[in-house]
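Take these sequences, add in the hints, and give me the full structure.
Protein chains: 2
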Amino acid sequence: MVYEATASAPVNIACIKYWGKRDTRLILPTNSSLSVTLDQDHLRSTTTSRADASFEAGDRLWLNGKEEVIKEGGRLAVCIKELRGWRKEMEDKEKDLPKLSEWPLRIASYNNFPTAAGLASSASGLAALVASLASLYSLPQSPSQLSLVARQGSGSACRSLFGGFVAWREGTDPAGSDSLAEEVASREHWPEMHALICVVSDAKKGTSSTSGMQKTVETSSLLQERLRVVPKRMDEISQAIKARDFSEFAKLTMTDSNSFHAVCLDTAPPIFYLNDVSRAIIAVVEELNRAAGEIIAAYTFDAGPNAVIYTLEKNMPFVLGAIKRFFPTSEEFEDPFQTGVRDLPQGFNTGVVREGGWEKGAVKGLIHTRVGDGPRVLGKEESLLGENGVPKILA
Amino acid sequence: MVYEATASAPVNIACIKYWGKRDTRLILPTNSSLSVTLDQDHLRSTTTSRADASFEAGDRLWLNGKEEVIKEGGRLAVCIKELRGWRKEMEDKEKDLPKLSEWPLRIASYNNFPTAAGLASSASGLAALVASLASLYSLPQSPSQLSLVARQGSGSACRSLFGGFVAWREGTDPAGSDSLAEEVASREHWPEMHALICVVSDAKKGTSSTSGMQKTVETSSLLQERLRVVPKRMDEISQAIKARDFSEFAKLTMTDSNSFHAVCLDTAPPIFYLNDVSRAIIAVVEELNRAAGEIIAAYTFDAGPNAVIYTLEKNMPFVLGAIKRFFPTSEEFEDPFQTGVRDLPQGFNTGVVREGGWEKGAVKGLIHTRVGDGPRVLGKEESLLGENGVPKILA
Numbered sequence: 001m002v003y004e005a006t007a008s009a010p011v012n013i014a015c016i017k018y019w020g021k022r023d024t025r026l027i028l029p030t031n032s033s034l035s036v037t038l039d040q041d042h043l044r045s046t047t048t049s050r051a052d053a054s055f056e057a058g059d060r061l062w063l064n065g066k067e068e069v070i071k072e073g074g075r076l077a078v079c080i081k082e083l084r085g086w087r088k089e090m091e092d093k094e095k096d097l098p099k100l101s102e103w104p105l106r107i108a109s110y111n112n113f114p115t116a117a118g119l120a121s122s123a124s125g126l127a128a129l130v131a132s133l134a135s136l137y138s139l140p141q142s143p144s145q146l147s148l149v150a151r152q153g154s155g156s157a158c159r160s161l162f163g164g165f166v167a168w169r170e171g172t173d174p175a176g177s178d179s180l181a182e183e184v185a186s187r188e189h190w191p192e193m194h195a196l197i198c199v200v201s202d203a204k205k206g207t208s209s210t211s212g213m214q215k216t217v218e219t220s221s222l223l224q225e226r227l228r229v230v231p232k233r234m235d236e237i238s239q240a241i242k243a244r245d246f247s248e249f250a251k252l253t254m255t256d257s258n259s260f261h262a263v264c265l266d267t268a269p270p271i272f273y274l275n276d277v278s279r280a281i282i283a284v285v286e287e288l289n290r291a292a293g294e295i296i297a298a299y300t301f302d303a304g305p306n307a308v309i310y311t312l313e314k315n316m317p318f319v320l321g322a323i324k325r326f327f328p329t330s331e332e333f334e335d336p337f338q339t340g341v342r343d344l345p346q347g348f349n350t351g352v353v354r355e356g357g358w359e360k361g362a363v364k365g366l367i368h369t370r371v372g373d374g375p376r377v378l379g380k381e382e383s384l385l386g387e388n389g390v391p392k393i394l395a
Numbered sequence: 001m002v003y004e005a006t007a008s009a010p011v012n013i014a015c016i017k018y019w020g021k022r023d024t025r026l027i028l029p030t031n032s033s034l035s036v037t038l039d040q041d042h043l044r045s046t047t048t049s050r051a052d053a054s055f056e057a058g059d060r061l062w063l064n065g066k067e068e069v070i071k072e073g074g075r076l077a078v079c080i081k082e083l084r085g086w087r088k089e090m091e092d093k094e095k096d097l098p099k100l101s102e103w104p105l106r107i108a109s110y111n112n113f114p115t116a117a118g119l120a121s122s123a124s125g126l127a128a129l130v131a132s133l134a135s136l137y138s139l140p141q142s143p144s145q146l147s148l149v150a151r152q153g154s155g156s157a158c159r160s161l162f163g164g165f166v167a168w169r170e171g172t173d174p175a176g177s178d179s180l181a182e183e184v185a186s187r188e189h190w191p192e193m194h195a196l197i198c199v200v201s202d203a204k205k206g207t208s209s210t211s212g213m214q215k216t217v218e219t220s221s222l223l224q225e226r227l228r229v230v231p232k233r234m235d236e237i238s239q240a241i242k243a244r245d246f247s248e249f250a251k252l253t254m255t256d257s258n259s260f261h262a263v264c265l266d267t268a269p270p271i272f273y274l275n276d277v278s279r280a281i282i283a284v285v286e287e288l289n290r291a292a293g294e295i296i297a298a299y300t301f302d303a304g305p306n307a308v309i310y311t312l313e314k315n316m317p318f319v320l321g322a323i324k325r326f327f328p329t330s331e332e333f334e335d336p337f338q339t340g341v342r343d344l345p346q347g348f349n350t351g352v353v354r355e356g357g358w359e360k361g362a363v364k365g366l367i368h369t370r371v372g373d374g375p376r377v378l379g380k381e382e383s384l385l386g387e388n389g390v391p392k393i394l395a
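So the sequences go chain by chain: A and B.
The end of the first sequence is residue 395 by full-length UniProt numbering, with every number in the run present.
The end of the second sequence is residue 395 by full-length UniProt numbering, with every number in the run present.
Where hints are given, some of them may not hold.
It does not matter which identical chain is meant; a pair holds if it fits inside one copy or across any two.
[To be verified] Straight-line Cα separation of at most 27 angstroms, DSSO-like style, residue types lysine-lysine; simulated pairs: (1) Lys232 with Lys215; (2) Lys66 with Lys93; (3) Lys364 with Lys66; (4) Lys232 with Lys324; (5) Lys71 with Lys364; (6) Lys21 with Lys251; (7) Lys251 with Lys66; (8) Lys71 with Lys99; (9) Lys81 with Lys66; (10) Lys21 with Lys95; (11) Lys88 with Lys66; (12) Lys93 with Lys242; (13) Lys93 with Lys215.
Honestly, the hints are just simulated from the structure, not real lab data.
Shown next, in the form of structure tokens:
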């Protein structure tokens, strides 16, 4: 009998950003955040976890075929320990259960998108780890309860335990028991929500978000005002999502992205994630909305120069038309939705971008995706581990 | 008898920025600001004003040889009207005075720095206009009183009526009577304060500061916090100047520049003045300070990509060494101070800029100047007007 489970988990991109911890060990944020879960059909982390009494002592983990050290007391170890503890409680109650909690683990994880894509893989990766262990251990905990564990692995990972539109509530308990993720609306509620990821080249590696956000907490005065306005913004965007009010959703998303990058700039020394290409994408989206006479697209930027542009499915041809025109990509664009391209709306002022647009490759590539579901438990045939408990990729 | 006066006035660069008006007509700011007046030996506006009963009716003004319309009720007209009013009061009291206030004016103004240098010329230009008219009319008003008039021409012009280190007090009177400039310290108090202006190329014309700042007032939530923290910053930088504490002066200057650009980014739609080259200059200055083990340089950016780097005279060789190394200029650098260049401090991490530095001309040119004096009344030989009241340049 092989005790093993494989699960995949999605990437999420926040509309209301997480930036700042009030507790760095427990990963408790200074403000609530809200994200859209992206479709795993396009971007996902997959993780297989296996427990076996015959494994050599000690847990081992491979990420994309490379073994990672599970540091004692580190974030991975904390997640594994918590889930194992819950399994132990079950085993203590039901004596017939196999003692999986006592057996060493072998875990293999794989991201189907290149690290070079500049997408944070820690959220989907940690969520997949938690989902696969929860499945392996047959844990009864709800996704929100599991999100408490994922949160301690990588803050925004907690949001990847749900599909659709997801809030991470900051909570008030100093121990973190109420700092968890919950669904605001399912993907089925608003399936027309699509996203275009613009992968922007950057010569320089930026500040890591982990260290950057604490610098902001320590040195930015403007962060105080941000923390005062985010609760209202959380309410407003939740309502916009429930009402499927794209214009309002978009305004709040762009406002919050700009507010987040503003507090980064207000940090000492200042943190810059947006570069000239990011700025130009903002200008194109703003002008697209102006020329369209309504807000049809919303940009948002995480801790890097890549843009994610949210738009409704029907308006993606306009977004693609504008982006492809000004930012010829170096990588071929394969659109899973076979969306066409529409011309710029009449009255679009092409002067907002530099003459002739940008050089090929300023935007490396485009990824078209949409709102997606939460973690999926996959069949055996998707296992990443070989018989010996070593990733198949290495066998 | 020719009634004429010629005056020159300096450029000023704010350390605590002016951004936002509480009254757009009177130009009353949302916060106090503080600047360093730069040396007129290097950068100046010169203005000649002449009153003559024989001139055709109506005032006329030329800027760099090009006639500008003096719009009824416009900012130029308001300044002229106020000063003429003060002259009228004198004439009413002293009946022997020539009735200059009744005569048409001819005004010629000239900036010795190219508009392309990207330096705001409105401050020095308006200050020179006010100074020349005050001299022509023999007005007894103090520089602070004159600053009330210059302020209505172009907000930050009020600070160019003083040399040294100058505060523009926001004031509380709705009529603006106490929103004026005053000296915090003279140039003689801290003559070692030098400045290096890095003229940065930008493909795109940015948002004008006049419209940009009101967009910020209307849409930025973070501005509220900025307005709360600026008063303390004003006190602290005034104390730093009085104590000649460069490190504190520099920290506050950089913090406020970043805070200003942060609220620009927090504006809807966002306003960007810093580009990738500006960011790189910031990175070089931050790294220079880190590697030097003390704060020897402070960057500040106005509503454009140009950097102004404040440093003490003794440390300019380090600043020049770093900037010239990473940003080869397209224009020859002529240093009026013949300052040498020092190597990067040991331990300077060159990884903060992109490999090989920037291409020639990313920084177009450098201007080395220092703290300077206030407006100067010049001799007749400096007059910009020919016999007929038309600029000599056109004669």
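Here is how each hint holds up against the structure:
{"no.": "1", "hint": "Lys232 with Lys215", "result": "both (25 angstroms within a copy, 21 angstroms between copies)"}
{"no.": "2", "hint": "Lys66 with Lys93", "result": "neither (37 angstroms within a copy, 91 angstroms between copies)"}
{"no.": "3", "hint": "Lys364 with Lys66", "result": "within (26 angstroms within a copy, 47 angstroms between copies)"}
{"no.": "4", "hint": "Lys232 with Lys324", "result": "neither (35 angstroms within a copy, 48 angstroms between copies)"}
{"no.": "5", "hint": "Lys71 with Lys364", "result": "neither (35 angstroms within a copy, 50 angstroms between copies)"}
{"no.": "6", "hint": "Lys21 with Lys251", "result": "both (25 angstroms within a copy, 25 angstroms between copies)"}
{"no.": "7", "hint": "Lys251 with Lys66", "result": "neither (41 angstroms within a copy, 44 angstroms between copies)"}
{"no.": "8", "hint": "Lys71 with Lys99", "result": "within (24 angstroms within a copy, 88 angstroms between copies)"}
{"no.": "9", "hint": "Lys81 with Lys66", "result": "within (22 angstroms within a copy, 77 angstroms between copies)"}
{"no.": "10", "hint": "Lys21 with Lys95", "result": "neither (40 angstroms within a copy, 73 angstroms between copies)"}
{"no.": "11", "hint": "Lys88 with Lys66", "result": "neither (29 angstroms within a copy, 85 angstroms between copies)"}
{"no.": "12", "hint": "Lys93 with Lys242", "result": "neither (41 angstroms within a copy, 73 angstroms between copies)"}
{"no.": "13", "hint": "Lys93 with Lys215", "result": "neither (46 angstroms within a copy, 63 angstroms between copies)"}
The structure is inconsistent with the numbered hints 2, 4, 5, 7, 10, 11, 12 and 13, although it conforms to all the rest.
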